[in-house]
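> Listed below are the residues making up each chain.
There are 4 protein chains.
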Amino acid sequence: MDIAHLGHVEMLTDRFDATLDFFTRVYGLTVSGRDATSAYLRAWDDYEFHTLKLTAAETTGVGHIGYRAASAEALDRRVAAIEASDFVAHGWVDGDQGHGPAFRFEDPFGHLFEIYWETEKYRHGEADRPALKNNASRFHATGACPRRLDHLNLLAQDVTEFRRFMETCLGSRVTELIQLDNGRLGGCWFTVNNKGYDLACTEEHGGGRGRLHHVTYAADQREDILRAADIFLENGVHIETGPHKHAIQNTFFLYVWEPAGNRVEIANAGARLILDPDWEPVVWTEADRKKGQAWGLKTIETFHTHGTPPVPGTGA
Amino acid sequence: MDIAHLGHVEMLTDRFDATLDFFTRVYGLTVSGRDATSAYLRAWDDYEFHTLKLTAAETTGVGHIGYRAASAEALDRRVAAIEASDFVAHGWVDGDQGHGPAFRFEDPFGHLFEIYWETEKYRHGEADRPALKNNASRFHATGACPRRLDHLNLLAQDVTEFRRFMETCLGSRVTELIQLDNGRLGGCWFTVNNKGYDLACTEEHGGGRGRLHHVTYAADQREDILRAADIFLENGVHIETGPHKHAIQNTFFLYVWEPAGNRVEIANAGARLILDPDWEPVVWTEADRKKGQAWGLKTIETFHTHGTPPVPGTGA
Amino acid sequence: MDIAHLGHVEMLTDRFDATLDFFTRVYGLTVSGRDATSAYLRAWDDYEFHTLKLTAAETTGVGHIGYRAASAEALDRRVAAIEASDFVAHGWVDGDQGHGPAFRFEDPFGHLFEIYWETEKYRHGEADRPALKNNASRFHATGACPRRLDHLNLLAQDVTEFRRFMETCLGSRVTELIQLDNGRLGGCWFTVNNKGYDLACTEEHGGGRGRLHHVTYAADQREDILRAADIFLENGVHIETGPHKHAIQNTFFLYVWEPAGNRVEIANAGARLILDPDWEPVVWTEADRKKGQAWGLKTIETFHTHGTPPVPGTGA
Amino acid sequence: MDIAHLGHVEMLTDRFDATLDFFTRVYGLTVSGRDATSAYLRAWDDYEFHTLKLTAAETTGVGHIGYRAASAEALDRRVAAIEASDFVAHGWVDGDQGHGPAFRFEDPFGHLFEIYWETEKYRHGEADRPALKNNASRFHATGACPRRLDHLNLLAQDVTEFRRFMETCLGSRVTELIQLDNGRLGGCWFTVNNKGYDLACTEEHGGGRGRLHHVTYAADQREDILRAADIFLENGVHIETGPHKHAIQNTFFLYVWEPAGNRVEIANAGARLILDPDWEPVVWTEADRKKGQAWGLKTIETFHTHGTPPVPGTGA
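Protein chains in written order, with full-length UniProt numbering: chain Y, 1 to 316; chain P, 1 to 316; chain U, 1 to 316; chain H, 1 to 316.
Just so you know, these hints were derived from the structure itself, not from any lab.
Among the hints, a few may not be true.
You can't tell identical chains apart in this list, so a pair holds if it fits in one copy or across any two.
Listed next, the in silico BS3-like pairs over lysine-lysine satisfying Cα-Cα at most 27 angstroms (straight line) [said to hold, decoys possible]:
(1) K121 - K133
(2) K133 - K290
(3) K298 - K133
(4) K133 - K291
(5) K298 - K121
Generate the whole structure from the sequences, applying the supplied hints.
In structure tokens, the structure reads:
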């Protein structure tokens, strides 16, 4: 695969201080850097400088999504593929805190992507030196304290078209999908490596454009998710749904809304990986979906409608 | 990477019935097939026909190690690389229950490897149909019940040479290693994908040849390892060491000896993956190792000496 | 306290074989004894002969509830207190498999209770000898495999009157309660020892009489509850709600319906105990209850209506 | 029982600031009060003002041990029993921050006890108001963050005599004991309620007097213990042994030394309780003990010798 992994997500917030407080004190990320409008955050074992760029903005949602290439040559191959496609290429940008030149492009639904090779690996200081040298930094045990960035979920009006975008531009493969009775795709789970997914796309029902459904970090154990639920509860964070287990991907999940309204998940996948090189996508029908989540939980209504930024006048 | 993942391990036993009883009733694998001298076993979410081939023999240890290629073309590339090397190539065999033609070759220390592309994916029946269609078969909850094959550990007189073998023949990368004060490698952890390791090699101290240190399956949660400890205890299985956490790879481990003496591990890696495409191997010195395992447990003496088959007259 | 602990619950089933299969193969109890119409079951660390008496009947629900006294003298004191009260005393019965003479009495809502002192402690055989001699029998690891009986929940038209019954007859203390806006008690949690509760009573909304809401066994860890959810899922058991955490008593819960329709819970209370000898009952208002369970789960409708036996023509 | 539960332990330290930092920042207790020489600490769900009194002193060890009576009358009964005995009674003291008048007495090995009835229940403020009103204060998620005080372990030259002291003065019952081949008791586990033990006494091997072996708080889940191990590791705390499972009492344990050298445990007992009112003490022989801990861990040498205060010139 030319693309190695999801690198970072830029999240927009119109309540910057509150959102930053949530992500650091409650969710348990740490700040690597700051600039005039953004904070660069990472989980304790994320190897790069940052995996979440939090940017003050007039609204919420996703700024851009960064994927790291597997090599300089692989990056070139991907750029060529994108340029040869009918998708919108924005071209090279100089990079950012934490990584070098990045090639930017856009899906047909208004989400901005970038791919890059050169990165700044996180260098811990004395204060966050890990006890075990194979960890990127100290397990600081603050807040929910997930280990690493896991995935994000975007909304698109046409998931089939979004799938073509992901396959063409990133070379992603599809591991699971929802096949609606009307013939459309209801959702699609993509990966560029052995994780079950690094990006999911589900159908936009709120009339929005370029919207974010959620961003997720991975915790080591399901118990970490249960403990996180108590931490969110004690800190007045809106718990939307969970902890419970998704039928799709078997993910043990917990969804909350950070103070500005962006949905954030903390999840655990157990030992599940997609090792099979010719894995056939798992197809979930509407009939399957009527069973609810793995253990029968009915999906909460806001999960189908709430995205960021909100769509004026719709409640979505 | 040309090689997708570790596919299966053939384990030899001179107590076939007892070993099979251990692996099915206590450890929690299931039987996919039998022939005159072997049973083919898998964990409930292993996608292939088998991941453990248990073979009746006059002694214990490892029969052969199978890796699945990422494609037919990738298999050809690997075969060419092996044939171009100075390592011993045995050539093609017809395959076995569960997979197609395999190319066999051997490391300088007597371990037999094979690589293959064509495989038989496990097809569950009515009795082991999973409730969730993205699982390979039903979570049967029998015994320790790990999810999938994880890795194996071999012993070699010269780990540096073994490393050259793995890099040359499988294209494996090294994620962590032990650098001894005498300049030799004490151990090396290899992977062909995003797992931290699928094969480890540590120095042979017992004078044996072609020996196995252990085979490991992955459980979803650390709690599964603790629960497995009680299951082993109640079934009279020899617990050698653990549960505890390895400093190397952060693996939460538990080692037992199956009735014939082969060491078997059940382990959990949490959410740890090697996503970085230019990961630098983590180097552990003898000084590092003196600290014991992650939480200070001193490594038990047999862990340094016991391998299979035993070396006559040495107690190893 | 004169009463030491909840001893056993007799559950009625009109699908005896299916219910027994559920409790042994899936839920993980074992059979200590049988007679013409009943099976006597226990969890692996229950110290008495049985904690669940399963009885073939024309309907479902609870047969009787047994509490063990703290001594022979304490039993006499309780019998005197019951006889001196205005509650219905049935008098002495000879006992049953597993215990000696019992004094029977009845709450005003049709639930039959008994108290006894002489008991038959479970004596394991060779096959279920525990590895650790302080366990009552072997941790068999079959099914959900809870450790011990925990509590039951009854339905009553008048919880305040039921509370008077429990305080008068058993000397129970109230640890938590629901105070409805209309002045009635919505629910009451009782204990005779350091557990948070051994019996709960909630308001009957279905028009039934003498009904059971659920019976619960305790598992050692929350992970056991999550694992049980997968076991129930794979075995086609109806999962009603959970896993989630109750606000009341902090219990981590999972509710299922056994094949005949009786609601059964498996739960974990963590390290929570009521050690305070002058504990003041925690009062939950309707406003409190509107927040849902601890992490926000809305209580499923059937939880308010379903009890056993069903009330003809009501769907309850 | 006249005595309700272990109330508090006074621990001495000759490194007050470092010990206090350990208990608050790393172990996860909070400070309720201070005076000239002591800090009063509690776990987040301890219902009393404090459960650990940390006192600056010239050495380490235990200052005194407080048990709360079940009522004012029960306290009087116990005082009468102690005064009628041949054990040393010091008489009434005025009380302390957190509780009222206490009657003090001493075991033959130099440990000071007190019993009291009047207590100050902890009153949370706005900052530590719990989300769930049945918790004593907010789950703050700082450090290892156990739920409540569990037990302590003292050393005595004659465990049989210590047993007589506990039975006579506190009315404790013995749940488990170690019977040495030489006829002496090697250890004895005592309880006044349904917990498996609130105080253990093991034989003094170091020649000390009035020494402490360890103090323990209870965490809700075994996963909390594993997580605590990482927290101790990252904070440079000396981990002596664990996590592992004791054969005796089935406790899942982890032992560390706080900066001044007092041994501190964090433990989980699962759902295990002693509900049986006529429980027979479990007897462990030397042969039993040779098997090591539950899963085979050999007991580390310092566990047999290290106590506080240290014994000059012995290394104990």
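> Please go over all the hints and tell whether each is borne out by the structure.
Outcome of the hint check:
In this homomeric assembly, K121 and K133 come within 27 angstroms of each other (Cα to Cα) only inside a single copy, at 14 angstroms, whereas the closest approach across copies is 39 angstroms. In the homo-oligomer, the alpha carbons of K133 and K290 lie at most 27 angstroms apart only across protomers (14 angstroms), although the nearest pairing inside one protomer, at 47 angstroms, exceeds that limit. For the identical chains of this complex, K298 and K133 are inter-copy neighbours only, at 18 angstroms across copies versus 43 angstroms inside a copy, given an alpha-carbon limit of 27 angstroms. In this homomeric assembly, K133 and K291 come within 27 angstroms of each other (Cα to Cα) only across copies, at 13 angstroms, whereas the closest approach inside a single copy is 45 angstroms.
For the identical chains of this complex, K298 and K121 are neighbours neither inside a copy (41 angstroms) nor across copies (33 angstroms), given an alpha-carbon limit of 27 angstroms.
In terms of the numbered hints stated before, the structure departs from hint 5 and from no other.
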